Amino acid sequence: NAGVTQTPKFRILKIGQSMTLQCTQDMNHNYMYWYRQDPGMGLKLIYYSVGAGITDKGEVPNGYNVSRSTTEDFPLRLELAAPSQTSVYFCASSPTGLAKNIQYFGAGTRLSVL
Amino acid sequence: AQSVAQPEDQVNVAEGNPLTVKCTYSVSGNPYLFWYVQYPNRGLQFLLKYITGDNLVKGSYGFEAEFNKSQTSFHLKKPSALVSDSALYFCAVIPKGSGTYKYIFGTGTRLKVLA
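Top line first, the protein sequences correspond to chains A and B. With the first sequence counted from 1, adding 4 to any position gets you my numbering. With the second sequence counted from 1, adding 9 to any position gets you my numbering.
Simulated from the structure, these hints should not be mistaken for laboratory data. Since we're looking at a predicted model, the values are computed, not measured. Be aware that a few hints might be false.
Mimicking BS3-like on lysine-lysine, the simulated pairs with C-alpha atoms at most 30 Å apart in a straight line are [to be verified]:
{"no.": "1", "chain 1": "A", "residue 1": "61", "chain 2": "B", "residue 2": "58"}
{"no.": "2", "chain 1": "B", "residue 1": "111", "chain 2": "A", "residue 2": "48"}
{"no.": "3", "chain 1": "B", "residue 1": "86", "chain 2": "B", "residue 2": "111"}
Assemble the whole structure, with the sequences as input and the hints as a guide.
As structure tokens, this is what we get:
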């Protein structure tokens, strides 16, 4: 029972490089989310999606892009990486219906931009 | 601005003693309230939630939380702490009627249970 899978687990980028953080879920959840977690700051929502083909900005979207071509996958793209994007990134998903408020999280991607 | 406060960065408690992790919120209307736990190098895991009804809700691993509307609080409690409860705990809210499923997270409280 895989749940939410994120790859890679760790990555070091140089300033100005680009990369895609992968997220896939096997629970057939319609809702998916990307967060970043900074020390002492809790989790901040970057982007979210309520279904394939539908995405919207969260609290801190600048410097990121997302796409949602399938129910399962929700990749997060970093263009022109900056040191301020050093963080731990979490992907999450949630079902529709009464349980939609409970989110299921992946194990995270730890990103350093140097 | 809507916010969630976890006033303690860290809580230390001896194994076997009761524990409390505090959470207060400032949101419009009556919110949905949640607690999540994060173990090292892992994602957040759902513990419990309050939607409506009884103010005391029970969750996973023996945890419970009490919703107090007048104090706008949702403190996490456990009668007898275990060393394995040591982790980072997050309180989160969704303002009811906001038409969104987006959480507002607190900054987290690190719980350390001492053997």
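Worksheet item: Okay, which hints does this one fail, numbers in order?
Response: none
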